[in-house]
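Use the sequences and the hints to build the structure in full.
If you read the protein sequences in the order shown, they are chains A and B. Residues 1 to 620 (this note's numbering) are what the first sequence spells out, left to right. Residues 1 to 579 (this note's numbering) are what the second sequence spells out, left to right.
Read the hints as simulated data drawn from the structure, not as lab findings. Glycine included, C-beta positions come from ideal geometry on N, C-alpha and C. Zero decoy hints are in this set.
Pulled a few chain A residues facing chain B out of the computed Cβ check, cut under 10 Å:
| id | residue |
| --- | --- |
| 1 | Val91 |
| 2 | Ser499 |
| 3 | Glu511 |
One-sided and incomplete, this derived list gives chain A residues near chain B with beta-carbon spacing under 10 Å:
| id | residue |
| --- | --- |
| 4 | Pro74 |
| 5 | Leu76 |
| 6 | Ile93 |
| 7 | Phe112 |
| 8 | Glu126 |
| 9 | Glu150 |
| 10 | Arg273 |
| 11 | Val285 |
| 12 | Tyr385 |
| 13 | Gln457 |
| 14 | Ala529 |
| 15 | Arg570 |
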Amino acid sequence: MSLDVDPAAAPPTPETAAQAMLPPVGLDPDSEATPEGALKVLRRGLAGSPALARGLAVTVAMGLSIAVSKLTVPVLIQRAIDRDPLPDGTVDIAYITWIAVAAAIVVVAAGFTSWFAQRRLVERAEAAIAQLRVDAFVQVHRLSIADHNETQRGVLVARVTSDAEALARFAQWGLYSWTIHPVVIVGTFVVLAFYSWVMALIVLAAYLPVLPWFKWLQRRQLLAYDDYRTRISQMLGRFSEAVMGAAVIRAYGLESRTRRRIHQSINQRAQARMRANKYMAMVFVTGDVLSAVAMAGVLIIGISQRERLGLNGGEMVAIVFLTTLLQGPISELGETLDQTQTAVAGWRKILDLIDREIDVPEPVDGSSLPGGALPVEAEGVGFAYRGGPPVLQDVSVRIPAGANVAVVGETGSGKTTFAKLLCRLADPEQGVIRLGGVALDTVAPASRLASVRMVPQDGFLFDTTIRENVRFGSPGADDAAITAAFESLGLGWWADKRSEGLDYEVGERGESLSVGERQLVALARAALADPGLLILDEATSAVDPETDQALTVALRVLAQGRTMVSIAHRLATAEAADLILVFDHGHLVEQGSHHELLRADGVYARLHQAWVGNTQRLTG
Amino acid sequence: MTRRGARVVAELIRFSPLSFSVSVLGAAVFAAATVASAVVLGRITDQVLLPTFADGEVPDDAVLWSIVAVFAVTAIKAAGVVTRRYLAALTSERAQIQLRTRLLDSYLGLPMAWHQQMPAGQLLAHADNDTEITTEVIHPLPFSFGVAFLAVFSAVALLIVDPVIAVVALAIFPALTVLNRIYSKRIEAPAAEVQAGVGRVSSIAHESFDGALVVKTLGRAAEEETRFVAAVDHLRARRTHVGFIRAGFEAVMDSLPSLGIAVVIIVGAHRIRAGAMTQGDLVQVAALFTVLALPMRVFGFFLEMVPPSVVARQRLSSVFDEPIPSPGQAMTTIGDGALGLEARGLSFRYANTDTDVLTEVGLHLKPGEVVALVGSTGSGKSTLCTLLAGLIPPRSGQVLLGDKAVESLQPEARTEALALVFQESFLFSDTLRANVDLDGSATDEAIRTAMAMARIDDLEAEMVNGLDTVIGERGVTLSGGQRQRVALARALIRRPRLLLLDDATSAVDAGIERQILDRLRAELQATTLIVAQRVSTIELADRVLYLDQGHIIAAGTHQQLLTHPGYRALVSAYEQAIG
Numbered sequence: 001m002s003l004d005v006d007p008a009a010a011p012p013t014p015e016t017a018a019q020a021m022l023p024p025v026g027l028d029p030d031s032e033a034t035p036e037g038a039l040k041v042l043r044r045g046l047a048g049s050p051a052l053a054r055g056l057a058v059t060v061a062m063g064l065s066i067a068v069s070k071l072t073v074p075v076l077i078q079r080a081i082d083r084d085p086l087p088d089g090t091v092d093i094a095y096i097t098w099i100a101v102a103a104a105i106v107v108v109a110a111g112f113t114s115w116f117a118q119r120r121l122v123e124r125a126e127a128a129i130a131q132l133r134v135d136a137f138v139q140v141h142r143l144s145i146a147d148h149n150e151t152q153r154g155v156l157v158a159r160v161t162s163d164a165e166a167l168a169r170f171a172q173w174g175l176y177s178w179t180i181h182p183v184v185i186v187g188t189f190v191v192l193a194f195y196s197w198v199m200a201l202i203v204l205a206a207y208l209p210v211l212p213w214f215k216w217l218q219r220r221q222l223l224a225y226d227d228y229r230t231r232i233s234q235m236l237g238r239f240s241e242a243v244m245g246a247a248v249i250r251a252y253g254l255e256s257r258t259r260r261r262i263h264q265s266i267n268q269r270a271q272a273r274m275r276a277n278k279y280m281a282m283v284f285v286t287g288d289v290l291s292a293v294a295m296a297g298v299l300i301i302g303i304s305q306r307e308r309l310g311l312n313g314g315e316m317v318a319i320v321f322l323t324t325l326l327q328g329p330i331s332e333l334g335e336t337l338d339q340t341q342t343a344v345a346g347w348r349k350i351l352d353l354i355d356r357e358i359d360v361p362e363p364v365d366g367s368s369l370p371g372g373a374l375p376v377e378a379e380g381v382g383f384a385y386r387g388g389p390p391v392l393q394d395v396s397v398r399i400p401a402g403a404n405v406a407v408v409g410e411t412g413s414g415k416t417t418f419a420k421l422l423c424r425l426a427d428p429e430q431g432v433i434r435l436g437g438v439a440l441d442t443v444a445p446a447s448r449l450a451s452v453r454m455v456p457q458d459g460f461l462f463d464t465t466i467r468e469n470v471r472f473g474s475p476g477a478d479d480a481a482i483t484a485a486f487e488s489l490g491l492g493w494w495a496d497k498r499s500e501g502l503d504y505e506v507g508e509r510g511e512s513l514s515v516g517e518r519q520l521v522a523l524a525r526a527a528l529a530d531p532g533l534l535i536l537d538e539a540t541s542a543v544d545p546e547t548d549q550a551l552t553v554a555l556r557v558l559a560q561g562r563t564m565v566s567i568a569h570r571l572a573t574a575e576a577a578d579l580i581l582v583f584d585h586g587h588l589v590e591q592g593s594h595h596e597l598l599r600a601d602g603v604y605a606r607l608h609q610a611w612v613g614n615t616q617r618l619t620g
Numbered sequence: 001m002t003r004r005g006a007r008v009v010a011e012l013i014r015f016s017p018l019s020f021s022v023s024v025l026g027a028a029v030f031a032a033a034t035v036a037s038a039v040v041l042g043r044i045t046d047q048v049l050l051p052t053f054a055d056g057e058v059p060d061d062a063v064l065w066s067i068v069a070v071f072a073v074t075a076i077k078a079a080g081v082v083t084r085r086y087l088a089a090l091t092s093e094r095a096q097i098q099l100r101t102r103l104l105d106s107y108l109g110l111p112m113a114w115h116q117q118m119p120a121g122q123l124l125a126h127a128d129n130d131t132e133i134t135t136e137v138i139h140p141l142p143f144s145f146g147v148a149f150l151a152v153f154s155a156v157a158l159l160i161v162d163p164v165i166a167v168v169a170l171a172i173f174p175a176l177t178v179l180n181r182i183y184s185k186r187i188e189a190p191a192a193e194v195q196a197g198v199g200r201v202s203s204i205a206h207e208s209f210d211g212a213l214v215v216k217t218l219g220r221a222a223e224e225e226t227r228f229v230a231a232v233d234h235l236r237a238r239r240t241h242v243g244f245i246r247a248g249f250e251a252v253m254d255s256l257p258s259l260g261i262a263v264v265i266i267v268g269a270h271r272i273r274a275g276a277m278t279q280g281d282l283v284q285v286a287a288l289f290t291v292l293a294l295p296m297r298v299f300g301f302f303l304e305m306v307p308p309s310v311v312a313r314q315r316l317s318s319v320f321d322e323p324i325p326s327p328g329q330a331m332t333t334i335g336d337g338a339l340g341l342e343a344r345g346l347s348f349r350y351a352n353t354d355t356d357v358l359t360e361v362g363l364h365l366k367p368g369e370v371v372a373l374v375g376s377t378g379s380g381k382s383t384l385c386t387l388l389a390g391l392i393p394p395r396s397g398q399v400l401l402g403d404k405a406v407e408s409l410q411p412e413a414r415t416e417a418l419a420l421v422f423q424e425s426f427l428f429s430d431t432l433r434a435n436v437d438l439d440g441s442a443t444d445e446a447i448r449t450a451m452a453m454a455r456i457d458d459l460e461a462e463m464v465n466g467l468d469t470v471i472g473e474r475g476v477t478l479s480g481g482q483r484q485r486v487a488l489a490r491a492l493i494r495r496p497r498l499l500l501l502d503d504a505t506s507a508v509d510a511g512i513e514r515q516i517l518d519r520l521r522a523e524l525q526a527t528t529l530i531v532a533q534r535v536s537t538i539e540l541a542d543r544v545l546y547l548d549q550g551h552i553i554a555a556g557t558h559q560q561l562l563t564h565p566g567y568r569a570l571v572s573a574y575e576q577a578i579g
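Next comes the structure, spelled out in structure tokens:
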């Protein structure tokens, strides 16, 4: 009886499970799951969610009262029915009623206490988990673009959904169980010791092996659950890919390939879950076997040493009863341990994300950029993507305030990377970039975002109207300003072409608009803002030539009083620029005006010639 | 709720009836062993412990046998519980596999138009949380079935002892039904809101992370946080509410057996006085009631899980109920060689708008012809390409591939004959090889040839692991031009007979683009429709179609069309600028 087992998926040993089970899923650090790991997660987690630990004393007190009632009720009932008959051979109704009513009162009181305690726990745990989701979400947006590029969307989404859900489910039951059952266990031991401390010690000794065994088991279990959570995020990553790539999948008939891939990860998730369940089964067997050992110990010692211990028959019966009573909560704790492991594994994934070092950390007390057009200065700037070859080497340039600069070069020359560094999507590995004389990495984020605006090539839009998407550029802008932004770019005709006008819903990712149209919306956003440095990263690459030319003119007007850096896709942009920067294989090889560079007859002249050749053959 | 719950449960069991049945058996064994262990302890007390303490004489092998009995009962109990739990988990996992596979089939089979309406995050939530919650009801179920016989056993035994007290004791079942009804009614709406809330959180996260670059460049992280916090907070409130209701139900379910036994004892005392039963009977009644309490409690757990499971399953139904269109059935071969393409009266508008993107578009490409499609931004070029490729159905009109209506073709026939290369290149997070050779059927040589045709052959040498380097999400980052060329190689390796290039080389340097297109023309000899902006590209075409605001308003050679003022203004804009 098994799942559709993939023969390649061997059960993991603790040594192999943490490493090498999977291709990297991104943000899944290769940290080993160790018992210390679990405790560390708990400590770290509680430090991050103080609400969970607050009022612990009250919770324990409630647990204590619930436990006491759980112990008293059976005793009371026992007394009521074991009462010797009255001399006339009938029963003492008053006595029995009194006891039964007392028991009922205890039960009701315990019920209310337990209800109240549970509510408290739920409230706190939910608040803590909500905070954890938000912390993780905020962290995702603090991660660098490089981190984003290396991580599947679905995996990041799993952190704020699936992993947090695992924790939430645990919080509703597990926390309650952790507070109640230990109290019942300790309480039972105390009563047991009251009858005979020797017997209590014997029972304790019987249960003692549980500690090293559970510790060993717990470690494997945590590894198994860690693997399980990784498989879940992998599965979600693949689902996400199938959803986002729906068009390509249909266009190329990739349904069966995609089905195979996702089905495999669905199965792997299930297998990982069943491997974790194996450990849970062991926990249950352990609880039962040890309870039998304890009972055997009680019977053997109790009978053989009865005189030395000075126990009578009634006391011995009570001891046997209490020993059986221990078994329930110990089994329950075993189950709780299991639930805890899956929650801890999820918790750890979230905490690992939250604690991940930020590539592009914001300064603590950031400085402000001056107002108005910003001069840009790069000094010995070098950059490489994570262990890759250098993309930029020793780039030094001064761009005066208010200049209109074009950056040109072949694909892969490093021009886009240069643009990314200017708006601090990444930090240079060598050298420094200064805007308005201030080192960019010391500028407060609010000041940087207000003064530096980049329009990326990929015109991602949110699933709302055109109007709201433009407003995202400058929250608080009124409708007239938004219309004016389109007008200022000469795009009034486009804004009016749909009967819904700017209230047109753009769909997921903006996919109800064409790629070029999305770029127009992104430009309107920029036109609405008032940055001192405007960076256009091939922002019109998918726009038709006529509109592109009109935009070039409009943007030149818009750039009055600011510095504008355009990563030029078409050299028409470059011709009108005050300064052209030419990149080649990561080096800034030429700079100057259009005419200067043509005269120099270097890289730019060659690029320009190729471009003109592609453009000016109208009359053949 | 009861009927819907039963339907969900029946479906889940049907996915894996054997493992479920064995699990129920394990539960029954466990329940029986629990009763047996009480009996064993009772007998040890009566026949070994008490005589020993009373007489001081220990019957030698009695102790030994007692211990053997304790261990035997424990072993059976442990076997029962492990069987039940492990197989219940297996049943649940199998059900999850089935449900996820169905979701997968829907996601892959439903039309593009459906995908355009559904937030990706919601679809992830269905595959994750909704599936998980739907199947959670399985876990307490075998135990509920397994202990049912205990309920029957103790009910019958109670009836034999004393009918009156049995009626009192069994009154707990109607009470349970009423309680469950109240609970189900109160929890259904909030539980549904919790599931919807998880979906919303997932959607916002997915969209927000997807647009991370825009969020960063616009400095919108704080606003995104606000949006996310609102969704999370709503979910927290709803979930807390559900937690409160469950806590109440839980507390009542936990107290009910103990309260019941108090009532039974009082009634029992009166029955003894009335002479209807003896005190020994009362002891037995109390014991039987304890036996009865177990199935009741277990059943309570099960009932508690039903409403969340039902509402989660309903959310899955919103996907399952979408009819998956049956693909066309026409034969897999449509002539051979380059394919002709014809469109008649194509009109199209997106679901959320009342403005046509395309109106009555007609076109005809002869086999082997290379035609450029030119038009301003937003004129409908991309939409036309997706219609021609049969990815979305037109509102009216027809597309003929060769002489077959595109929608009548088997998908394999369609995807084998034509390839559409998108403007935005989607890369799978997989190796370079797998991204080019999507079927996994091509030789390295074929892959290299396709990459050479797309002028991306140097990429292999640049990559650390050559063709086996992982690219795409979580892989090596490629530039826009490189991505486009990988996507192009993916189309070329199939040797399509009709190639639709939707501005597919826009990020490639002009010189390289020209080399690619020259080579395509010489070597592939496919009918080709190129959405183009550059004059150099347009010039390569035999004919040009000029699309303006959803209409094809002119067609002819580039030279002929230059007489059209709109066309001339559109394509010669850069030349004008250069002056």
